[in-house]
Amino acid sequence: MNLTCKTCPKIALNQNFNIKLEDDNELVIALAGNPNVGKSTVFNALTGLNQHTGNWPGKTVSNARGNYNYKDKKFILVDLPGTYSLLANSVEEQVARDFICFGKPDTTIVVTDATCLERNLNIVLQIMELTDKIVLCVNLMDEAKRKGILVDIKKLEEELGIPVVATIARKGKGLNELMNKTYNIAIGIETTSPKQIEYPKIIEDKIDKISEKLQGISKNRLNTRWVALRLLEGDATMLESINKFALDREDAYNEGGTCIYGY
Amino acid sequence: MNKNHLPLFEVNVGSEAKVSELLSMGLSRRRMLDLGLIPGTIINVIRKSPLGDPVAYNIRGALIALRKEEAKQILVSKIN
Amino acid sequence: MRGELVYMGTSENKNEYDIMESLKDTLDREKNEQLKDIVVGSIYAEAEKITRDVVTKNSGKKVDLDKKLDDILTSKYTGFPIMFLLLGIIFWITIVGSNLPSEMLSNLFFGIEEHLTDWFMYMNTPQWLYGILILGIYRTLAWVISVMLPPMAIFFPLFTFLEDLGYLPRVAFNLDKLFKKAGAHGKQSLTMSMGFGCNAAGIIACRIIESPRERLIAMITNNFVPCNGRFPTLIALSTIFLSGLVAAQFSNLAASLLVSVLVLFSIIVTLAISWLLSKTWLKGVPSSFTLELPPYRKPQLGRILYTSIIDRTIFVLGRAIAIAAPAGIIIWFLANINIGGNSILNHSAAFLQPFANLIGLDGFILMAFILGFPANEIVLPILIMSYMAEGAMLELDSIQAMKELFVDNGWTWLTTLNFMLFTLFHFPCGTTLWTIKKECGSNKWTLLSAIIPTVAGVIILFIITQLARFLI
Chain A
37 MNLTCKTCPK IALNQNFNIK LEDDNELVIA LAGNPNVGKS TVFNALTGLN QHTGNWPGKT
97 VSNARGNYNY KDKKFILVDL PGTYSLLANS VEEQVARDFI CFGKPDTTIV VTDATCLERN
157 LNIVLQIMEL TDKIVLCVNL MDEAKRKGIL VDIKKLEEEL GIPVVATIAR KGKGLNELMN
217 KTYNIAIGIE TTSPKQIEYP KIIEDKIDKI SEKLQGISKN RLNTRWVALR LLEGDATMLE
277 SINKFALDRE DAYNEGGTCI YGY
Chain B
3 MNKNHLPLFE VNVGSEAKVS ELLSMGLSRR RMLDLGLIPG TIINVIRKSP LGDPVAYNIR
63 GALIALRKEE AKQILVSKIN
Chain C
365 MRGELVYMGT SENKNEYDIM ESLKDTLDRE KNEQLKDIVV GSIYAEAEKI TRDVVTKNSG
425 KKVDLDKKLD DILTSKYTGF PIMFLLLGII FWITIVGSNL PSEMLSNLFF GIEEHLTDWF
485 MYMNTPQWLY GILILGIYRT LAWVISVMLP PMAIFFPLFT FLEDLGYLPR VAFNLDKLFK
545 KAGAHGKQSL TMSMGFGCNA AGIIACRIIE SPRERLIAMI TNNFVPCNGR FPTLIALSTI
605 FLSGLVAAQF SNLAASLLVS VLVLFSIIVT LAISWLLSKT WLKGVPSSFT LELPPYRKPQ
665 LGRILYTSII DRTIFVLGRA IAIAAPAGII IWFLANINIG GNSILNHSAA FLQPFANLIG
725 LDGFILMAFI LGFPANEIVL PILIMSYMAE GAMLELDSIQ AMKELFVDNG WTWLTTLNFM
785 LFTLFHFPCG TTLWTIKKEC GSNKWTLLSA IIPTVAGVII LFIITQLARF LI
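These protein sequence lines are chains A, B and C, in that order.
All residue numbers for the first sequence refer to the working numbering, where the first residue is 37 and numbers rise by one.
All residue numbers for the second sequence refer to the working numbering, where the first residue is 3 and numbers rise by one.
All residue numbers for the third sequence refer to the working numbering, where the first residue is 365 and numbers rise by one.
Calculated directly from the structure, the hints in this document are not laboratory data.
Heads up, a few of these hints could be off.
[Stated by the list, open to error] Distance condition first, Cα-Cα at most 25 Å in a straight line; then the derived DSS-like pairs of lysine-lysine:
1) Lys-237/A / Lys-431/C
2) Lys-50/B / Lys-413/C
3) Lys-56/A / Lys-140/A
4) Lys-801/C / Lys-20/B
5) Lys-74/B / Lys-808/C
6) Lys-421/C / Lys-80/B
7) Lys-20/B / Lys-545/C
Starting from the given sequences, assemble the full structure and let the hints guide the process.
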C-alpha cells in the first residue's frame, strides 16, 4: 500500500465522482455557471456527440460528461449542475462545490450570461476563491448586443485577473479561443492571479484562526481559506464533504488493494 | 419597524424599490441572497401574473418571479 | 447539524478526528446569519463594482420586444386565452400536418403488403404463418408507423420550439397560483409541461424540485397529462366522436378543440389530485420557490426541425419494432389459440367484461390497456386487432373503417368518451414506471404511481357512466 495512493487525485475522481481517466494525457475540465446561461450549448458545441449522461454517485442529479481533443491533449468535459452559487443551498450546489473543491479539475470554465453579468459574477467570484485554474466564458453576447449591453472584455480580464473569452455558443463563435485558453491554463503555460475578495477585519481574523486548524488535516489537499469561510458561514455539509473526500481513509484504495493506475 | 419600509409585495407594478432588510431565515434567506437581494439592491417591479401571484421583479438584470409569501419577507423602501 | 463524523479507529487518524471535532464545535458556535450576510454582501459589492467598470448599457430594442411579448403572453386578460389558443393551435398543426404523411406511409405499406402477400402465396406458406407474420406483425408495425409516427414527429418539434423560445416559464408564471393552492411546487407546472412530450422525461424533469415531498407529488401526477404517445389515440378518437356531429370540413378544427378540452381537463385533475395528496399522504410545508423568466430566444428552427424530427422518428421506429411488433405476435396468438372452444383473448375479455361494463368500457378495451402497458401508442392497434376476426390488423388508416369496427362491437358515444378519458387517466407506461422507480427508489411510491391514476380513472369513468345511463 503506497502512501501516494491516498492523495492520488485520479482515484478521487474515479471513486467519488465517477470520472474514469484512461491515461495521463487526459485533462478534466469542469463546466460551471448559473442556470439559463447557455452552459449546455457550450457543452454540446465542444463535445458534439461524444457525450454521455448519468448521475452523480448517490444522487439523482444529472451528470453529463463528454470529451473533445484540442492540440495534443484529450479533454474530459464535466457539465456541473447549473447553480446560482456554491454555498450549498441545495444538492446541485453541493455537487458542484464538491467536484471543484475535491475533484480538483484541471480547469474550471464558468459560463455566464452577458445580459446579466452582475448576478452571474456571484458564482464566478466564489469559484475564483476556490481555485485559480479558471476561465471565464461570457456567453450570449448577441443577446446582450440586442439589449444594448456592452461588455468590455479586456477590462474584465484586468479586473478579475483571469482569462475571459466572449462567446456566442449557439453560433459557435469564440469556442476556439475558449478551448485555447482552457488548454493553456490546464497544462500550466498560462497562470492566473484571480482577484481575491476582502472581507471585513472581524471575518478575516476568524478565517485565519480556522485555517490554522485546518492545516492539521489538509496536507495541502484543501483550499483552507475557502473551507474556513464556508465553516464560518455555518455550512454543515462542508464537514461532511471533508470527511468524505479529503481525510486519510483506508477505503481510498480499491478493493484489491492495488492502485488501478499502476503506481 | 421603520414606517418607510414596506414588504416588497405591496410595491406597485412599475415602481422601483431598494432592499432594506430580509426577514426570512435559513435556506430561504440564502436563496434570496444568492439572487442578489442584499440590502441596498434596487428592484424594479415589472408585472403581476394574470392570477395576481407571483409577481415578476427585475433583480440585477434578471427577471425573477417571487410568490407573495417570499415577497412579504423582503422589506424595501420605495424610490420615486 | 447533518452528517455524522465517524471515528476511523486508527491512531493515525485520531489527530484528524480531534481536529474535525473541534471544527464542528467552531461551526456550532459561529453559525450566525449575520456572518453569512456579510460574506454574501462582500461578494456582491465586488460584483457590483466590477460590473460598473466593465458594462455599459444603452436601452436596446430587444428589451422592449421582450417586455411587449410578456405584456401579451402574461397579461391579465390575454395570458390565459393565449395559452389555450396555443394549445389548440399545436394540436391543429399536428392533426393537419400528419394527414398527408400518414396517407403516404399507409399507401407505401399497403403496396408492400400486396407484394409480400403475392410472395407468400407463391411460396405456398401455410396460412397460420402468413397470419402471424403479415396480418400480425407486419400490419401492426405498418399501422403504428403510419398512424402514430407522423403526429408524434410533428408534435415534438412544436413543443421543443416553445421550450427553446422560453415560453414554458411564462406558462409556469401564469399557472403558479393554481399550483400553490393545490399544495404543489411551482416548478410542477414545468414538469407537467415536460410530460406532454414524454412522461418518462417529465419524471426526470422532477429533479428540479428539491423537496422530496413535492417531488413525489409531481412524479405521481405527471401521468395525468397525455404524452406524445397518447395524442394520436386521442386525436383518432376525437375524430370518431365528432364524425356524426360535425361537417367534414370542420372535423380537424373540432378534433383539435376537443383534444384541447381534454387536456385542460387532465390539468384540472392534476391539480385536484396534487391537492388531495398534499392534504393526506404527502402533507407538509411548501418550500420557497423562485422562478426565473429568461429572455426570449430566437429558436433555431433548422436545428429543431432536424434534430426533433429525426430523433423522434428514429425513436418511434425503434419502439415500434421493439414493442409493437411483439405485441402483434402476442395478440395473434391470444386470438388464435383456442382453449375450451374459445380463444384466450375472448376468455380474458369475458372475464373483465362485468367490471368494464360498470365503467362504460368493454373487456377488450381493458385488455388492450393492460397489454398496452409497455407503450401507450399500441393500445389502439391492440384493440383493433382484438376486434378483428382472428386478431388480424385493420386495413390501414381509415377513420371511417375504425368507427364502423367499433360500432359493430357495441360502441356508443359514451364508450368513445370513456375510452378517451381512460387514455388520460390510467397507469403509466412501462418506461415511465421504471423511471419512477429509479428516481425515487421506493417500491411503495412506484406502486402508488400506478394505482392512483388508475383509480382516479375508474372513479371518473364510473361517475360519468352512471350519470349518463341515469339521465339518458
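Structure-based check of all given hints:
1. Of the pairs offered as hints, the one joining Lys-237/A and Lys-431/C is violated, with about 44 Å between alpha carbons and a cut-off of 25 Å exceeded.
2. The hinted pair formed by Lys-50/B and Lys-413/C fails the criterion: a straight-line CA distance of about 31 Å is larger than 25 Å.
3. A distance of roughly 14 Å separates the Cα atoms of Lys-56/A and Lys-140/A; the hinted pair therefore holds under the 25 Å criterion.
4. Between Lys-801/C and Lys-20/B the CA atoms are separated by roughly 47 Å; this puts the pair beyond 25 Å, and the hint is violated.
5. For the suggested pair Lys-74/B and Lys-808/C, the alpha carbons sit about 38 Å apart, so the restraint of at most 25 Å is broken.
6. For the proposed pair Lys-421/C and Lys-80/B, the alpha carbon gap of about 24 Å is at most 25 Å, so the pair holds.
7. A C-alpha spacing of about 30 Å is found between Lys-20/B and Lys-545/C, which places the hinted pair above 25 Å, so the restraint is violated.
Hints 1, 2, 4, 5, 7 from the earlier list are contradicted by this structure; the remaining hints agree with it.
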